[in-house]
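Protein chains in written order, with the numbering used here: chain A, 1 to 314; chain B, 315 to 1057.
These aren't lab readings, by the way, just hints derived from the structure by calculation.
Be careful, since some hints might not be right.
In silico negatives: residues of chain A with every beta carbon more than 12 Å from chain B [said to hold, decoys possible]:
1) 139
2) 241
3) 264
Heads up, incomplete: computed chain B residues facing chain A, CB under 10 Å, no partners named [said to hold, decoys possible]:
4) 964
5) 968
6) 986
7) 987
8) 990
9) 1019
Ideal placement from N, C-alpha and C gives every residue a C-beta, glycine not left out.
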Amino acid sequence: MMNPTETIRSIQNNIARVIKGKPAAVEMTVVCLLARGHLLLEDVPGVGKTTLAHSLARSLDCSFKRIQFTSDLLPSDIVGVSIFNRQKQAFEFMPGPIFANIVLADEINRTTPKTQSSLLEAMSEAQISVDNQTYPLGQPFMVIATQNPAEYHGTFPLPESQLDRFLMKLRLGYPMPEEEKKVLERTPSLHPAEELRPIVTAQDVLDLQAQADNIFMDESLTDYLLSIVQATRQSELLALGVSTRGALALNRATKALALARGRTYCLPDDIRELAPIVLSHRVMVAHAQGLRSRGFEQAECIIRDIVDSVPVPV
Amino acid sequence: MSLDQAFRLTSILLAGVSFIALFLESHLPGWLTFLTGVALILALVRVTELTGDPSPGARTELSTAVWNGLVILGFVGFWADSLMSGELLPAGVRFLLVLMVIKLFTLRCFRDYLHLHVMSVVVMLAAAAMGADFWYFPLFVVYLFVGVWTLLLLGITKQLKGPDPSAPVLASQQETRGLYGRVTPQVFRLANELALFVFGVTLLLFFALPRLQAGFYQNGQGAAIRTAGFSDAVDLGSIGPIKRDPRVVMRVEPPGRGPDGKGRLYLRGIAFDHYDGRSWVNQLSRRRAVRETGPGIFALNGSQGDRGRPERPSFQLKIFLEPLDTPVLFGAPFMEAVSGNLPAVQVDVSGSFYLPFPSVAPVEYVAVSKSTAVLPADLQPSPVVYHEAFLRYFTQVPARSDRIAALARTVVGQERTPYGQAMAIQDHLARNYRYSLEIPRAEQANPLEEFLFNRKTGYCEHYATAMVIMLRTLGVPARLVTGFLATEWNEYGNYYVVRQQDAHAWVEVHLAHSGWIVMDPTPPSEDIGDMTGSWQGWASMVDHIRLLWNRVVVQFSAADQLAIVQGVRISGATVGQKVWGSTSKWFTPPTSWRERIVDLYDRSSTGILAAGFIAILAGLCLLLWLGWKQSRYGRLFPKGSIQGDRRAVAKLYTDMILYLSRKGVQKPVNTGPLQFLDTIRTQWTGAFPLAATITELYCRERFGRARLKSDEYIIAQNTLDQLISLTRKQDGETEKTGAGNGI
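Between the sequences and the hints, there should be enough to build the whole structure, so can you do that?
Have a look at this one:
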């Protein structure tokens, strides 16, 4: 395997061939993968959320399943179901689409909370329990969920507990006009993601994840990170601060970002950059007004303010 | 050398230095010296052999129980030792050494080394308490250096490895430890600077605080030299056993250049008047206080019987008396005054001077004496009438001394004058009797007759006693005097060295006109071991240094302190004078100044001596250090593993921030280094490449746990310099443009 940084860069470049003009979002997607995290993509329909997930999956040589969440989707449609096999005279477990390395949970907030929560165990423990039987999921395992902003028709907002299990929440936004033009000029024969060739194997991904774990974080930076987390808990603007899981997530994401940037150590800049992405969906704004999506935007602003209020170690 | 190993090494060296100090200061039993030496050498070998591995398998390990048993055994031995010898301190020291040996064999964990440090401190203190020899000083300096090193290494290793540095380390940790757990030039320099600093402070304290009259510098209890012959009653033959003891009792500095080492100097102790056939008793021992006529000056006011005699010049002897078990103050016959820093002085009827009690510390005083000579009137026979009481004391003879009286009459023959009789007896004894120290303590009833008629060999006491008794049988008043006969001249310091073996007894005869005169019937002894050649010279020099040590270090007092200050002031004045003199040559030379300075120099020569001594020591240390630094520094330690850069680059970075902020590029506290770099790029593109270099090095080192190479550090330094010069250049330009605009 080549230099980890080059590998990561080539994955990013691969994805960028499809997702035009969003290098930051692409980078964060890869970082999320390296940090063994799950990704929540939230934006208005039609800006490339599904395509991003699809391109990432295509860039890795591993299994990919897509689940289109609808209001009548049942948990067994995700995790699988035991069916009576007449020949064997026994129940046989038919694995659901969750048994894959990359799972795209498309429009996750369109389904009922019951079905949403069936993802919980899979996301946190990387295993599935059906009929008193536990089935481990393959590694690497990553859930990329997309959702439309709340208040659109027929949505069930994700509960906090489930939001907390996503490492990052990204927004793509509309592309710049030039980039959009490039998208339009593309030959419409195939889905653009289908053209991509895998860059790395599943084992490579596991190796990269292990390397990300070994990235060095100075003690002063750990303190810095914790003081940011502490500040969210003490802020009057937030009803709920960042949990320990959130601090852990930021820690892991920081190391993965440092690896992606070609360093063997973290910098305060990494933490500053990641904090809004990693923390904003884990907090509750105290006096949320208007639309729920506005609440998320507010949270992001508040997190940015908090990060700016904490001095960086020199 | 790894820090860990260095720490072990210095710990054992510390113990070694303290042991050597103790060894030189006190008399240790041979087996203990040997044992400790072997233990130290073994420990040293072990430390230098194994590199970093704290658990050697090759060593044969005795179980803890065995060692604990040995400790208990040592403790029991200590009690037995102290009970038998009756001295707690030496027994304690021996026990301490036993403990140290056991500890040296069982050095395992970190705490053991701490124990070793504590022990070495106690041993060092014990060495100080046991004696105040000159050797203590250089050893103390070495101890100080090693101690500072040990403490430093202790701190560093503790920091590197956490609370217990001897705990086993993982392979990965070992690697990182190997990376920066070494004695680097920085550490080396720091340690030496610190040691030098401590030494300087010690010296300053030493100078600032005069010695107390008791303390660790002084000779402790039991260290006073046992003398013989200076108590109120002395058995005949008691001086003999000490005549082989070479210990120095006092040093005597005659005025001026002295007698060039050829003369014999009598140092009078006590006079005895009553002889009972076996021992001498001083019946006139009632002492009275001598009045203090000036500060520190105790003088007799007009000695008795002085009338009618021509005044003879008095002379002074400067005497440095070691602590003795007698309060007698020695001096040339016959003492008239004593001056020095003494609490009080007493005198008895026969003119012997005393301190109120034996001093436990060395005493320094000046004895003023006036010698007597035989007047011509005493060479003529003339009837003299002595006071009855006088005769009762000084013509007393033991019972049944007829044989001696007969001998005396035969010896003097036709001589009529007391002086002539005394000379005859002196000649007779010196000629017909043999000097020897091989005399058993006389067991028989009358040792004097044994000497005179049977054995005919003896030493000073026998000779003097014989002469006194023989004179007394003839009716001539005489008395026995004990003291020292100084013959050993030290040409380096121009003083007499008086040793225990110089103890002597002689005779004082009273003549009607001249008064008491000194006579000595003892022939010069032949069996004095002659130290010749270079060894003698070397020994004299060492003795001189020892005197200086006692003088300048042990006895350092407020007066000396003052003298040093004065000395420094005077040397300053001399320098100033010289400078002034050279710049104003065309003026009349100020002779009066010069005279005054010479005068002052004479008066405060000890101060200048002390100042010079300290200055030379300090200079030597500095020279040694510089030499070490020049010759070994660069080569001993490979470059590139600089320890102290972690802070140094952070400092460079903060400096950079400071310079940039002066140029208006502020770094808010909440921005990271990369973000700030972006700010620089947008606000001052010219400085960006330089700042990028520094930032990169800084980040790598500050957050990346990476050790910078020394050349990288130099790059960072140079880059910062460039940045600073860039800001200056810009300053110049803005000024120019500003000025242009103004015009």
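Closest C-beta approach of residue 1019 of chain B to chain A relative to 10 Å, hint status: Hint on residue 1019 of chain B: holds, closest Cβ of chain A at ~5 Å, below 10 Å.
Agreement of hint residue 990 of chain B with chain A interface, Cβ distance less than 10 Å: Holds: closest Cβ of chain A sits about 9 Å from residue 990 of chain B, inside 10 Å.
So is residue 241 of chain A really clear of chain B, every C-beta pair being over 12 Å apart? holds, 19 Å
Do the numbers back the hint for residue 987 of chain B, that is, is its least Cβ distance to chain A under 10 Å? Result: holds, 6 Å to nearest chain A Cβ.
Evaluation of the interface hint that places residue 964 of chain B against chain A, nearest CB under 10 Å: holds, 7 Å
Holds or violated: is the Cβ of residue 139 of chain A farther than 12 Å from all Cβ atoms of chain B? Answer for residue 139 of chain A: holds, closest chain B Cβ roughly 26 Å.
Is the interface hint satisfied for residue 968 of chain B? The criterion is a beta-carbon contact with chain A at less than 10 Å. holds, 6 Å
Go through the hint on residue 986 of chain B and say holds or violated, using the shortest Cβ distance to chain A against 10 Å. OK, holds: residue 986 of chain B within 10 Å of chain A, min 3 Å.
May I ask you to check that residue 264 of chain A keeps its beta-carbon over 12 Å from the closest beta-carbon of chain B? violated, 6 Å
Hint compliance for this structure: hint 3 alone is broken.
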